[in-house]
Each structure stands twice: as structure tokens, then as C-alpha cells.
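Just so it is clear: in the sequence shown, position 29 is 29 by the working numbering, and no numbers are missing.
Check the hints yourself; a few may be wrong.
Claimed, not checked - Pairs of lysine-lysine, DSBU-like flavour, derived with a Cα cap of 30 Å:
no. : residue 1 : residue 2
1   : 90        : 100
2   : 75        : 90
3   : 72        : 90
4   : 77        : 90
5   : 96        : 77
For the record, the hints were derived by calculation from the structure and aren't laboratory data.
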Amino acid sequence: MHSPPRPLTVKYLQDWIIQPGTSDWKNPIPLDKSLAADGRGLQEVQMNDNLSEALYVAEKKAREAAAILRSKVQKEKMMMKEELRALAVKARSERKKIRKERRPLKVRALAAPSSTESEREKIREERRREGDGKKVGG
1 MHSPPRPLTV KYLQDWIIQP GTSDWKNPIP LDKSLAADGR GLQEVQMNDN
51 LSEALYVAEK KAREAAAILR SKVQKEKMMM KEELRALAVK ARSERKKIRK
101 ERRPLKVRAL AAPSSTESER EKIREERRRE GDGKKVGG
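Start from the sequences, fold in the hints, and give me the full structure.
Here it is as C-alpha cells:
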């Protein structure tokens, strides 16, 4: 991607020399005019065709890589959603099984009360009868 190294010549080094900062008191000529007098501003900038091609190819590869990365991330999100959906379905089915297993116990308890419940009912009936008798007689 880099151009081959160029040999350093005296002219090349002098072209890169920039005048030190000058003030209006010491040098009344502005910096831009002194550089223009040098002749540096008259040169045209040439862009290497290979450089423009390289930049184009690099941009194209970067866009492709970004698209691949985007699709990969999107696939991962879809896989995660599918996994979460499967877990939710599994949890729902397990809850349904648990509910079905619990229902018969409740139905049995309602159908055949235990001995303590029947005793409680008898005691309640006796108290109601006693309470009714007291209200009538009282």
C-alpha cells in the first residue's frame, strides 16, 4: 500500500524546510507571500492513479467487511431469540404439566374430605343448632 522509499536528496530536504516564525517587526513580508516568492505554490499536486485505486479497493473491502459483520451479528441475535423462544415454550409446557399434576389432588380433597375436616363440620353444625336454640329461647 505504501510507495517505495525515495532517496533523500538535498533538493527534497530543502523543499521541506519551512521558514521559522517571523514577526512583523523583524520581517514585514507576510509568510504566504514569502512562500509564494519561493515558487512552491506554483507546483500542481499530482495524485497517483495507483493511490486512488488502492483507496477505492480499501473502501470496498471495508464496506464488505462491515456488511459481513452486520449479517453475523444479526444471525447471532436471531439465534438468541430462537433459543429464548424455545426456553419459554419449554417453561410453559412444564408449568402446564405441574398444574395438571396438582389438579387431581385438589379434586380429591374436595371429593373426600379428611377426618379432621369432617369433624370440624360436625362441630360447626352443633354450634349452629345450639346458637339457634339460644336465640329462640332467649
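Cross-check of the supplied hints:
With a CA separation close to 15 Å, the supplied pair residue 90 and residue 100 stays within the 30 Å bound. Among the hinted pairs, residue 75 with residue 90 is consistent with the structure: their alpha-carbon atoms are about 22 Å apart, no more than 30 Å. The hinted pair formed by residue 72 and residue 90 meets the criterion: a straight-line CA distance of about 27 Å does not exceed 30 Å. Between residue 77 and residue 90 the CA atoms are separated by roughly 20 Å; this keeps the pair inside 30 Å, and the hint holds.
With a C-alpha separation of about 29 Å, the suggested pairing of residue 96 with residue 77 holds against the 30 Å cut-off.
When held up to the earlier numbered hints, the structure conflicts with none and fits them all.
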